[in-house]
Each structure stands twice: as C-alpha cells, then as structure tokens.
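When you get a sec, could you build the whole thing from the sequences and use the hints?
There are 4 protein chains.
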Amino acid sequence: MDNEDRERLKEVRGVRIAANMSVDGLVRELRDCAFGAGRLAEAVDIYEDMLKENTTKFLGIAGAMVPAGMRNVIADMIREGYVDVVVTTGANLVHDIIEALGEHHYKIVEDVDIAVDDVWLREHGRDRIYDVIVHDDAFARLEDFLRGVFDKLARKAENKRYSITELLKEIGENITDNDSILRCAVARGVPVFCPAIADSMIGLHAWIYKQMRPLKVDVFDDMKELISLFCDAERTGAIILGGGVPKNFIFQSALVAPAREDGREGFDYAIQISTNTPEDGSLSGATLEEAKSWGKVGSNAKAVTVYCDATIALPIIMAAVHERVDRK
Amino acid sequence: MDNEDRERLKEVRGVRIAANMSVDGLVRELRDCAFGAGRLAEAVDIYEDMLKENTTKFLGIAGAMVPAGMRNVIADMIREGYVDVVVTTGANLVHDIIEALGEHHYKIVEDVDIAVDDVWLREHGRDRIYDVIVHDDAFARLEDFLRGVFDKLARKAENKRYSITELLKEIGENITDNDSILRCAVARGVPVFCPAIADSMIGLHAWIYKQMRPLKVDVFDDMKELISLFCDAERTGAIILGGGVPKNFIFQSALVAPAREDGREGFDYAIQISTNTPEDGSLSGATLEEAKSWGKVGSNAKAVTVYCDATIALPIIMAAVHERVDRK
Amino acid sequence: MDNEDRERLKEVRGVRIAANMSVDGLVRELRDCAFGAGRLAEAVDIYEDMLKENTTKFLGIAGAMVPAGMRNVIADMIREGYVDVVVTTGANLVHDIIEALGEHHYKIVEDVDIAVDDVWLREHGRDRIYDVIVHDDAFARLEDFLRGVFDKLARKAENKRYSITELLKEIGENITDNDSILRCAVARGVPVFCPAIADSMIGLHAWIYKQMRPLKVDVFDDMKELISLFCDAERTGAIILGGGVPKNFIFQSALVAPAREDGREGFDYAIQISTNTPEDGSLSGATLEEAKSWGKVGSNAKAVTVYCDATIALPIIMAAVHERVDRK
Amino acid sequence: MDNEDRERLKEVRGVRIAANMSVDGLVRELRDCAFGAGRLAEAVDIYEDMLKENTTKFLGIAGAMVPAGMRNVIADMIREGYVDVVVTTGANLVHDIIEALGEHHYKIVEDVDIAVDDVWLREHGRDRIYDVIVHDDAFARLEDFLRGVFDKLARKAENKRYSITELLKEIGENITDNDSILRCAVARGVPVFCPAIADSMIGLHAWIYKQMRPLKVDVFDDMKELISLFCDAERTGAIILGGGVPKNFIFQSALVAPAREDGREGFDYAIQISTNTPEDGSLSGATLEEAKSWGKVGSNAKAVTVYCDATIALPIIMAAVHERVDRK
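Chains as they are written, first to last, in the working numbering: chain A, 1 to 328; chain B, 1 to 328; chain C, 1 to 328; chain D, 1 to 328.
Note that these hints are calculated values from the structure, not bench results. Note that the Cβ used here is the ideal one computed from N, Cα and C, for glycine as well. Worth double-checking, as some hints may not be accurate.
To be verified - In silico BS3-like links for lysine-lysine, alpha-carbon gap of 30 Å or less:
#, chain 1, residue 1, chain 2, residue 2
1, C, Lys152, D, Lys210
2, C, Lys156, D, Lys216
3, B, Lys156, A, Lys210
4, B, Lys210, B, Lys152
5, B, Lys160, A, Lys169
6, C, Lys210, D, Lys210
7, C, Lys156, D, Lys224
8, A, Lys216, B, Lys210
What the hints assert, rightly or not - With the C-beta cut set under 8 Å, the calculated list includes, among others, these residues of chain C facing chain D:
#, residue
9, Arg122
10, Arg126
11, Asp199
12, Trp207
13, Ile208
14, Met212
15, Met223
16, Ile227
17, Leu229
18, Gly242
19, Val256
20, Ala286
21, Lys292
As the list claims (entries may be wrong) - Now the stretches of chain B that chain C is said to cover, found in silico as 3 or more residues with beta-carbon under 8 Å:
#, region
22, 9-21
23, 31-43
24, 61-73
25, 123-134
26, 319-326
Structure, rendered in structure tokens:
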C-alpha cells in the first residue's frame with residue numbers, strides 16, 4: 001500500500017463478535033467492514049456528527065414504518081430532539097392516528113407466503129400490508145375521529161384556508177396518546193409536512209367531509225415554511241427512510257436556497273436507508289452523489305446510503321446513536 | 001398430470017425465436033413461459049381485454065419516465081385512447097414541459113459508473129438523473145413559462161381557487177407542443193391528477209410566485225372528480241408504472257366506491273410494472289393480491305405484476321397491444 | 001450543449017410505438033432512451049458487433065432458464081452459431097434432460113401468491129420453482145436415464161477418469177431430442193462446462209451410482225480446454241445470464257491469458273443480464289466496470305449490463321439479433 | 001380480534017430504543033415488529049432453538065463475505081461450535097487464505113461511485129470487489145502458497161485422488177493463522193465443502209500446476225460425506241448466507257435422505273439471509289416455503305428468510321445469539 005493509497009484506502013478489519021455487546025459496540029466493530037456493514041456504521045458516525053453540530057435535522061418517512069412497529073422509534077426521535085422537521089407519507093400518519101385511537105396492527109404469525117388468502121381477508125374485513133393486518137374497524141374509528149376534527153375546524157372558522165402543515169397540527173392537537181408521532185411533533189413544535197396528503201385515508205375522509213361542508217387546504221402554502229427551515233439553519237441534515245415523495249420534498253428545499261457565506265450549498269449531512277437501488281433510474285433509489293449534481297446535497301457533505309430494509313437499519317442506528325449522544 | 005392439475009397448471013412451452021418477428025409475435029411466444037416472460041405476456045392479454053370492454057383506464061406514472069424517453073409512448077397512449085385518466089408524479093410533468101419548451105434531456109454515452117463526477121456536473125450547471133443529464137438552462141426556461149402561466153391565471157381571476165387538476169389543465173392549455181403529455185391530455189379531455197404537485201419544480205415555482213402574488217390551489221378539490229371517474233365507469237382498469245403516490249392514489253379511488261350491482265368492487269383489471277418487490281413491505285412493491293384484501297382490486301380481477309424496469313416493459317407491452325387493438 | 005458535451009452526451013429521443021413493429025424495429029427505437037431501455041438496445045448492438053467479428057462467444061447460464069421456457073432459445077443459439085461455448089449451472093442441464101425424456105414443466109396458472117401450498121405440493125409429489133411445477137416422476141425418469149449412461153461409461157472403460165465436459169458430452173450423446181441444449185451442443189461441437197455439477201441432480205445420481213460402481217470425474221481437468229478456448233480466440237465475447245458460477249468461471253478464463261499482441265486483454269465484448277445489482281457486493285451483481293479492474297473485461301471492451309429478468313430480456317435480444325444477423 | 005385471529009395474529013408492538021441496549025436487547029424488541037425487523041428477530045430465535053437441540057448445523061457462504069470483513073465472525077462460528085459443516089464458494093476460501101498469508105483487503109474510503117476508475121485500478125495492479133480493493137501481490141503470494149501445498153501433496157502420493165473436501169483439509173493444514181476460516185475448520189474437524197472449487201483462484205492455480213504435474217481431485221467423491229452428515233444427524237439446521245451453489249448443495253443433501261422415524265424429512269431449521277427475492281425465479285431468491293415442496297426443508301420446520309445484506313444481518317444475529325447461548 002503506497003502513500004497515495006493510504007489516503008483513499010483503509011484496511012478491512014474483521015468484525016469480532018463478543019457476548020453482551022452493546023449495539024454501538026457492534027456498530028463500531030463494523031466501521032472497518034465493507035458493503036452494507038461499513039455503510040451502516042458510517043450512518044451512525046454521520047448522525048453523531050449531525051447531533052454535535054447545530055444542525056436542523058429533516059426526517060423523511062416513506063414505507064409502512066408505523067404498521068411495521070417503528071412508531072415509538074420515530075416518536076422518540078421527535079420527542080428527544082433527534083429530528084427537527086418531519087416529512088412523511090400520509091399513510092404513516094393514518095396508521096399513527098389509528099394506534100393513537102387504541103386500535104392495533106397485527107402481524108401474521110405464520111409465513112406470509114402460505115397463510116394469506118386476500119379474498120378471504122377482504123370478506124372478513126381485514127386489510128393487509130405485507131405481513132401486517134389492520135381491521136376495517138380501525139378505519140371506521142379513524143373516520144369518526146377525523147370528522148370530529150374537521151367539524152371543530154369548521155366551527156372555529158368555516159372559511160379559513162389551511163396549509164397541510166397547519167391541518168396536521170390541528171389534527172395532532174386532538175390526539176391524546178403521548179406515543180403518537182403527530183402528537184409528539186405538535187408537543188415539541190416539530191412541523192410535519194405531508195405534500196401528498198390527498199393520497200391517504202385523510203384525503204378520502206376530507207373528500208367525504210367536503211361533500212357536506214367546506215374544508216380548504218392549500219397544497220403550496222407550507223412550502224415557505226419548509227424552505228425557511230432550510231435557509232435559516234446553520235447546518236442541515238437529512239435522514240431519509242425509504243425514498244418517495246418525502247425524500248424529494250426534503251431535498252428540493254435546498255434547490256432554491258442561496259449558498260451559505262462559506263460557499264456551502266445543499267444538505268451538509270445526509271443518511272438514506274432504502275432497499276431501492278439506482279439502476280432503474282428512480283428517485284427513491286438515486287444515490288446521494290446524484291443529489292450533489294443538483295445541489296441538493298453539498299459537494300463536501302457527509303453522506304451515506306444504507307441499502308437495507310429500514311425496519312432493520314433504523315432501530316440499530318438509533319440505538320447506537322443513543323449510546324453516543326443521549327438526549328433523554 | 002391429473003385432472004385437478006389440468007385446471008391449475010399448463011405446460012411450459014419453450015419460446016422459439018424467428019427472424020423478423022413482430023413484437024406481439026414474440027409476446028405470444030412468451031405466453032407459455034414462466035417467471036417474468038409469462039407475466040409480460042399476461043399483461044398484454046389483460047390490456048387487450050381492458051380495451052375490448054368499455055373500461056375506464058387509469059394510468060399511474062412514477063419514476064423518471066419522461067427523462068428516460070417514454071414521453072411519446074405515454075403521450076400516444078393518451079392521444080389514441082389507450083388511457084382515460086392520468087395520475088402522475090410532478091417530476092414527469094416538469095420534464096414533459098421542459099421538452100415542450102424545446103429543451104432536451106441528454107444521455108451519458110459512456111458508462112455511467114465511470115463517466116460521472118457529480119461535483120463537476122454541479123459546477124457546470126448540469127443535473128443528473130441516473131444516466132440522463134438536464135441543463136440548468138432548461139429549468140430557467142421552465143420558470144419563465146410557469147411564471148407566465150401563473151400571471152395569466154392571476155389576470156383571469158386573482159382569487160380563484162384551483163384544484164390541482166384544474167391548474168394542470170391551465171398549464172396544458174399554454175403548451176403548444178403536440179407531443180406533450182399534458183397537451184395531449186388537455187386536447188383529449190383526459191384529466192391529469194398530481195396529488196404531490198408541491199413535490200416538484202412546479203411546487204417550487206408556485207412558492208416563488210406566491211411570494212409576490214396569490215395562487216390558491218386546493219389539495220383535496222379534485223378528489224371528487226377522481227372518485228367519480230371510478231364510480232361512473234362500467235369497468236375499471238389500472239396501468240401502474242413504478243408504484244409511488246400514483247399507484248396508491250389510483251387504487252384508493254376504489255376504496256369509497258359502492259360495490260357494483262353484480263357485486264364487483266375494486267378495479268376489474270390491473271397491470272403493475274415495477275422493480276420493487278413486496279418483501280420490504282413498501283406500497284410500491286405490494287402485490288395486487290394484497291390490494292384485493294383492501295378492495296382496491298376486485299376478487300376476480302385480471303391482474304398481473306411485471307417485475308421489470310418500465311422503460312423496457314412499457315414499450316414492449318404497448319407495441320404488442322397496438323398490434324392487437326390499433327386505435328390510430 | 002457545448003462541444004465537450006457532444007462527445008459524451010446524446011439527446012434522449014422518445015420512443016414512438018407503431019403497430020406491427022418488428023422486435024428489432026422496437027429495439028432500434030430504444031437506442032436513444034435511457035435507463036434499462038437504452039441498455040437493452042445497447043446489448044443488441046454489442047451482440048451484433050460480436051457476430052460480425054470473428055468472436056468466440058461464451059454463454060453463461062444461471063437461473064432456472066429451462067423451467068421458465070428458455071430452452072429452445074438457448075438450444076437455437078447453440079445450433080445456429082450464436083454461441084460457441086456454454087457454461088451452465090447443473091440445474092439447467094437437469095431440466096433440459098428432463099424435457100428431452102418427454103417430461104414437462106408446468107406453470108401455475110393462478111397467481112403464485114395464492115395458489116401455492118408447498119406442503120400440499122410435497123405430499124402430492126410436485127416440486128416448485130417459483131411459478132413452475134415439476135413432478136417427482138420426471139426425476140425418476142432422469143435417474144433411470146443417468147444410470148443407463150453411467151453404466152455405458154463403465155462398460156466402455158471402468159477406470160477412465162472424465163473431465164466434467166467429457167461426462168456431459170457422453171450424456172449428450174445419449175439424448176435423442178433435437179431440441180435439447182446438451183444434444184445441440186454435442187451435435188455442434190460446442191463444449192459445455194458445468195463446474196458445480198455436483199450441485200445438481202446429476203451430482204446426486206452420480207453419488208448413488210458411486211455407491212455401487214466407480215465413476216471418476218475430475219473437477220479441474222476441463223479448465224485447460226476453457227482457458228485454451230479463450231487464449232486461441234481472435235476476439236472474445238461473453239453473454240452472461242444471471243451471474244453465479246457461470247459468470248465467474250467464464251471471466252476467470254481471461255485472468256491467466258497473456259495480453260494480445262495489440263495489448264488487448266480480457267473479454268472484448270460482454271453482455272450481462274441480471275436482476276442483481278452491485279450494492280451488496282455480490283459477484284452476480286458486480287458491474288462489468290469492476291470486471292475491468294481484474295482484467296476480466298478489456299479496458300476498451302464494449303460491455304453493458306441489462307438489469308432485467310433474463311426471461312424477458314433474452315428473447316427480445318435474440319429476436320432483434322436474428323433480424324440483424326440471420327444465421328439460419 | 002376474534003379467537004381465530006388470535007391463533008394466527010399477534011399485535012405489532014413498537015420498538016422502543018434505550019441507551020446502552022445490548023444487541024440482543026434490541027433484537028428482542030424487534031420480535032413484535034413486522035417486515036425485516038420481525039424476520040431478523042425470528043432468525044435469532046430459530047438459531048437459539050437450533051443450538052439448544054442436538055442439531056447438525058450447515059453453514060452456506062456465498063457473496064464476498066471475507067473481503068467485506070466477516071472472516072472473524074465466520075471463523076469464530078466454526079471455532080465456538082455454532083456451525084458443524086461449511087459449504088462455501090471458492091472465492092471466500094481464496095480471500096481467507098490471502099489474509100492468512102498476511103495480505104489485506106482495503107476499503108475505498110471515498111464514495112465508491114466517484115472514487116473508482118477501474119481501468120486505472122487495472123493499470124496499478126488493484127482488483128476491485130465493490131468498495132474493496134485487493135492488490136495483485138496478494139494473489140501472487142496465494143500462488144506461491146498453493147504451489148507449495150500442491151508440491152507437498154505430490155510428494156506424499158503423486159497419484160492419490162482427492163475429494164474436494166480432502167484437498168481443502170490439506171490446504172488448511174498448511175495454514176498457520178488461527179483466524180483463518182479454513183484453519184479453524186481443520187482444527188475443529190468441521191468439513192468444508194466447495195463444489196465449485198474450479199470456479200476460483202484455487203481452480204486457476206490447480207490448472208497451472210496440472211500443466212506440470214498431476215493433481216487429481218474428484219468432483220463427486222465428497223458427496224457421500226455431506227449426505228451422511230445429513231442422514232446421521234438427529235436434527236439438522238441450515239444457515240444460508242446469500243444463496244448460490246452453497247444454498248442448493250446444502251439443501252440437496254436432504255433430497256436423498258430417508259424420512260426420520262417420526263416422519264420428519266428435510267431440514268428442521270433454516271435461516272436464509274439474502275438480498276435476492278423470489279420474483280425472478282432464481283434459486284438464490286427462492287423462499288424456504290418453496291424448499292418445502294422439494295422436501296429440502298421440513299413441512300414443520302422453523303424457517304425464516306431475512307431479506308438483508310448479510311454483512312449487516314449476520315453480525316447482529318451472531319451477537320444476539322452469543323448473548324443467549326455463549327459457547328466460549
């Protein structure tokens with residue numbers, strides 16, 4: 001290994017497993033590994049750096065994180081200050097509210113490949129998300145809850161035009177479950193963005209409600225807030241779970257921001273956890289390098305993609321980060 | 001092979017390649033193949049059935065279809081009546097407009113793995129989408145165009161509140177390029193839905209415009225139209241490219257529709273082309289069987305998922321469908 | 001677009017679908033597309049170049065190509081001179097022989113997600129390969145056939161030590177079905193390599209046979225032939241279906257060959273069709289660029305990876321190649 | 001949730017992250033999660049069960065586990081009795097020997113997407129495996145070492161015919177590094193199978209050696225031992241990393257074994273860690289359910305597939321297993 005190499009290469013050292021390792025103890029062992037292991041360890045290092053700087057941290061949530069059991073992880077990330085801004089799919093909010101209402105998600109215990117007959121499930125009022133089942137009753141309770149919230153809003157001010165973020169804040173204020181992502185966000189003052197809210201049960205119930213009474217929600221009104229959050233930040237970080245609309249919506253907030261005085265532009269830190277790969281040209285699988293060509297991620301940003309199911313990688317990363325930077 | 005088998009199994013017969021096969025000639029050969037080949041052939045059969053019935057056909061477009069060169073395929077699908085409703089990501093509209101304005105997408109000729117230095121691209125005003133390059137100039141022209149449209153709208157009626165579909169119709173009416181997806185849709189009366197429009201350059205330019213003058217676009221106002229399109233249809237079909245918001249938004253239109261008189265509910269036909277697989281629990285990769293548990297796809301629907309890059313599968317399917325049902 | 005760009009970039013031009021397009025007519029339309037479409041078209045161009053030069057063409061076959069219905073495509077590739085050397089998994093040979101014996105593969109007509117109960121299949125003597133079923137009877141016939149061949153070999157020369165390639169040639173000479181891959185290869189003088197032959201039903205039946213009588217097959221004896229085929233070739237091309245052992249075994253034949261007089265080393269042409277992507281570090285998903293670092297693929301080779309189910313991409317490529325270079 | 005449900009469903013409970021969790025503490029939290037998280041936790045439970053019974057445990061190793069840094073994990077699994085039989089690709093043995101000879105693997109520190117120019121690497125004697133670099137020197141040392149071993153074998157008995165397992169045992173006995181997988185296996189009496197050994201640098205060096213002196217290695221001779229290991233076991237378990245030949249070779253050992261007295265057939269336990277999914281029909285991605293149709297995995301086996309990069313999942317599983325069953 002000559003000098004030129006030394007700068008760009010480091011020796012792969014084998015992980016050694018010991019009994020009773022802490023999660024971060026294991027992650028530190030993975031630092032000198034390659035492939036996914038090395039990337040996972042790098043994600044923890046980047047998150048640690050993010051937390052040690054005065055960084056505004058944007059969390060993007062796509063994929064059925066709540067039905068899979070990641071609700072507490074995410075709610076605690078908000079509650080304990082590991083994230084400052086949330087951009088999510090509507091579905092994760094829907095399932096968060098369902099749990100806040102006392103309803104549950106159920107996991108198919110037998111192998112999903114054999115235990116499932118979706119026509120039978122339909123006939124029995126069960127809805128499937130891979131190996132998770134939700135009962136139709138849960139959605140009925142969601143409808144009652146949302147109708148109540150919409151009615152309250154109408155009573156307060158029938159003609160008020162809300163931004164999506166404001167609407168979600170109003171909904172969050174009607175949630176009492178302290179484990180709710182939306183409740184935690186409202187309590188902590190963390191804004192929640194959901195640009196594709198129409199594409200969720202919230203959208204459906206808004207449609208039903210609007211058959212009777214007005215409910216005005218503007219699709220662009222909260223962009224100013226998101227972009228300001230980026231512009232006003234000293235440093236910016238993105239934690240992207242699964243791609244989709246949240247990924248792009250977070251990154252595009254960097255597109256219109258002027259460069260910093262020191263020339264920095266784009267996100268300073270970025271962690272992406274996704275099972276999508278770049279080869280099909282999809283945005284979800286696009287590399288963080290590609291994001292640099294757009295100025296979404298800074299040229300010198302610390303950035304890593306962990307190609308992994310987020311239900312595996314997120315708990316590991318958060319457990320390791322907790323060991324290093326405990327905010328409780 | 002006993003009788004029970006005969007009903008559920010059919011013999012795999014090898015494809016035989018001949019010179020000068022038509023695309024559908026090849027696809028017909030794939031019918032008795034398994035894995036992806038069989039599914040591709042089944043997709044063509046289902047599309048043919050859809051077209052022979054009085055079916056309202058919903059097209060969902062996710063992934064960078066326009067930058068990859070699928071713009072004419074999609075515009076022609078609309079123009080020639082192969083689809084009746086479009087639900088798309090904002091990005092595909094942005095890139096459609098860019099081409100309508102005379103700007104181009106460029107393909108990196110050398111291998112994308114070695115030819116690309118994203119920091120260099122950034123410094124030289126180029127933006128990358130996998131192996132496609134767009135120049136910053138193209139986005140500058142987009143901005144001028146959109147500002148012009150927004151100004152026109154303001155002059156017509158400053159305080160009018162648009163639905164997203166109405167806004168897109170207004171934009172489409174300002175496009176003169178007959179190869180434009182949006183232009184074709186307006187010309188043909190095909191409504192275009194884009195629930196996550198804020199998550200695109202259109203969103204960014206709306207934000208910039210709104211710094212100066214009002215532009216009111218409601219996030220829920222066009223749901224009524226989408227749902228009516230589903231409810232009023234004699235039969236319904238979905239062609240889903242790549243998952244994402246368009247997939248779910250199309251399918252959720254079925255969730256609130258009452259069952260048909262003959263008991264049918266959900267989509268009667270569904271074709272999904274995606275590189276996502278179900279194992280990570282994502283909606284994009286969810287099977288059409290899973291969609292049956294929700295009532296999104298009918299219990300007896302003809303439905304198939306082709307696990308394939310849509311830039312490969314879509315042209316093949318459309319070329320084969322054209323041979324069978326020529327609408328020109 | 002400045003001059004520098006012109007060399008590296010070309011305009012993406014939209015595919016236009018016409019009725020009654022030939023397969024190559026469509027593929028030519030895909031040439032100026034990006035993502036998978038562009039790569040598929042490039043694969044056809046590279047194959048055409050390969051055929052126009054005096055190229056020794058190595059075909060690697062992994063994945064269940066024969067059960068899926070690709071047997072005739074591959075047999076015809078051999079018969080008509082589109083390939084000169086075959087490296088395969090044992091399984092594809094096993095299933096080729098099964099069909100040669102008059103047995104069949106069956107496709108599950110209903111959706112594989114719901115129609116399958118693997119425990120039931122086991123109880124009823126059916127073996128599943130995704131959506132393909134083989135009956136236990138087929139393997140019983142295979143056993144009889146192989147035992148007959150092994151007996152013949154023993155009668156000819158009990159203590160002869162065969163290379164794997166020689167053993168396969170002996171087997172192929174006992175096949176009468178002209179559609180058999182192995183039969184075609186023997187008839188055409190195309191050597192068939194199968195380094196992991198022990199990892200197949202042929203291996204199992206060899207083991208059973210060896211309980212009674214000797215059968216000596218050396219694992220390294222045919223490497224000389226493979227390497228000579230590479231070294232003696234004027235130009236070399238690889239068509240890799242699905243990765244695995246065949247991919248590496250083909251490429252490693254280039255590792256020990258001296259550079260050509262003109263400095264060329266490694267394969268001159270390479271086409272890889274795979275659903276594996278590089279991000280997990282697997283050899284199957286490794287890029288052809290990576291192969292250049294090893295000298296497996298030449299620095300100036302024409303090489304492309306089509307990320308696609310081979311049952312879709314192979315028939316399209318072969319139909320298009322037939323239109324350009326008809327060898328029948 | 002009615003009674004019928006209770007048997008098949010269990011409530012998804014959210015993971016809660018605490019500071020200083022042990023790896024198994026975290027894994028236990030994942031037990032009531034869905035998707036990948038639940039499957040990872042189930043893998044640990046199954047491994048624990050395997051270890052508590054008198055189970056013969058077969059480890060299949062595909063993918064570049066050693067270059068990625070998993071060498072110690074695997075060597076310790078052998079040393080500490082977590083596995084009893086190893087089936088591997090040749091490449092993992094090659095890279096194990098390279099490290100045993102004091103050579104190293106290096107990781108590219110910068111992002112692999114930008115830091116890599118494979119033609120430059122070739123010119124500078126570096127070989128790439130995704131983000132790992134090996135120097136040509138390492139392979140030169142391998143050649144010297146293997147030549148030495150082959151010479152020793154020739155001196156011992158020029159005409160002896162080895163099985164692959166025997167050859168690997170001889171090689172292992174010449175390794176002095178106690179961290180070597182092959183050395184540990186020999187020391188512990190764990191047989192190592194490598195059916196595709198010809199498809200590796202060991203194969204290449206055998207070929208070079210055989211130009212001068214005989215080296216006879218039979219491809220089928222060690223199948224008897226593998227099958228006996230299966231047949232003689234009270235209970236059998238498979239831990240499959242990454243699919244490929246090792247996966248099938250392990251499972252096919254169950255195909256010819258008679259059913260147990262209690263009717264059991266196939267593997268009693270199976271854990272599969274893979275990024276491959278079943279949709280393309282490949283053996284690597286085939287489900288363990290599919291394996292039941294063949295009798296490779298028992299009808300009542302405890303079996304789970306973790307769809308994950310093995311460099312992430314394996315260390316987690318092993319750290320958690322160590323906490324539960326410490327064999328040191």
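Outcome of the hint check:
1. For the proposed pair C:Lys152 and D:Lys210, the alpha carbon gap of about 28 Å is at most 30 Å, so the pair holds.
2. Distance hint between C:Lys156 and D:Lys216 is fulfilled; the C-alpha atoms sit about 21 Å from each other, no more than 30 Å.
3. For the proposed pair B:Lys156 and A:Lys210, the alpha carbon gap of about 26 Å is at most 30 Å, so the pair holds.
4. Among the hinted pairs, B:Lys210 with B:Lys152 is consistent with the structure: their alpha-carbon atoms are about 14 Å apart, no more than 30 Å.
5. Of the pairs offered as hints, the one joining B:Lys160 and A:Lys169 holds, with about 26 Å between alpha carbons and a cut-off of 30 Å not exceeded.
6. Using a Cα cut-off of 30 Å, the hinted pair C:Lys210 and D:Lys210 holds, with the two alpha carbons roughly 25 Å apart.
7. Pair hint C:Lys156 plus D:Lys224 holds up; C-alpha atoms about 25 Å apart against a cutoff of 30 Å.
8. With a CA separation close to 17 Å, the supplied pair A:Lys216 and B:Lys210 stays within the 30 Å bound.
9. Of the supplied interface hints, the one on C:Arg122 holds, with its beta-carbon coming within about 5 Å of a beta-carbon of chain D, less than 8 Å.
10. Look at C:Arg126: its Cβ gets to within about 6 Å of chain D, closer than 8 Å, so that hint holds up.
11. Satisfaction of the interface hint for C:Asp199 is found here, the shortest Cβ-Cβ separation to chain D being roughly 4 Å, below the 8 Å cut-off.
12. The interface hint given for C:Trp207 is met, as the beta carbon of that residue sits about 4 Å from the closest beta carbon of chain D, less than 8 Å.
13. A hinted interface residue such as C:Ile208 counts as satisfied when its beta carbon comes closer than 8 Å to some beta carbon of chain D; here the least separation is about 7 Å, so the hint holds.
14. With a least beta-carbon distance of about 12 Å to chain D, the hint placing C:Met212 at the interface is violated under the 8 Å criterion.
15. For C:Met223, the interface hint holds, since its Cβ comes within 8 Å of a Cβ in chain D; the closest pair sits about 4 Å apart.
16. The restraint placing C:Ile227 at the interface with chain D holds, with a minimum CB-CB distance near 7 Å, inside the 8 Å limit.
17. For C:Leu229, the interface hint is violated, since its Cβ never comes within 8 Å of a Cβ in chain D; the closest pair sits about 13 Å apart.
18. Residue-level restraint check for C:Gly242 holds (minimum Cβ-Cβ distance to chain D is 7 Å; threshold 8 Å).
19. For C:Val256, the suggested interface contact is upheld, since its CB lies about 6 Å from the closest CB of chain D, less than 8 Å.
20. Because the beta carbon of C:Ala286 sits about 7 Å from the nearest beta carbon in chain D, less than 8 Å, this interface hint is met.
21. Because the beta carbon of C:Lys292 sits about 4 Å from the nearest beta carbon in chain D, less than 8 Å, this interface hint is met.
22. Requiring three or more residues with a Cβ within less than 8 Å of a Cβ of chain C, the coverage given for the region 9-21 of chain B holds, as 13 such residues are present.
23. With a cut-off of 8 Å between beta carbons, the region 31-43 of chain B has 8 residues touching chain C; three or more are needed, and the interface restraint holds.
24. Counting residues of the region 61-73 of chain B whose beta carbon lies closer than 8 Å to any beta carbon of chain C gives 8, which reaches the threshold of three, so the coverage claim holds.
25. For the region 123-134 of chain B, the assignment as covered by chain C holds, since 5 residues bring a beta-carbon within under 8 Å of that chain's beta-carbons and 3 suffice.
26. Taking a C-beta to C-beta cut-off of 8 Å, the region 319-326 of chain B contributes 4 residues in contact with chain C, enough for the three needed, and the coverage statement holds.
In this structure, the earlier hints numbered 14 and 17 are contradicted, and the remaining ones agree with it.
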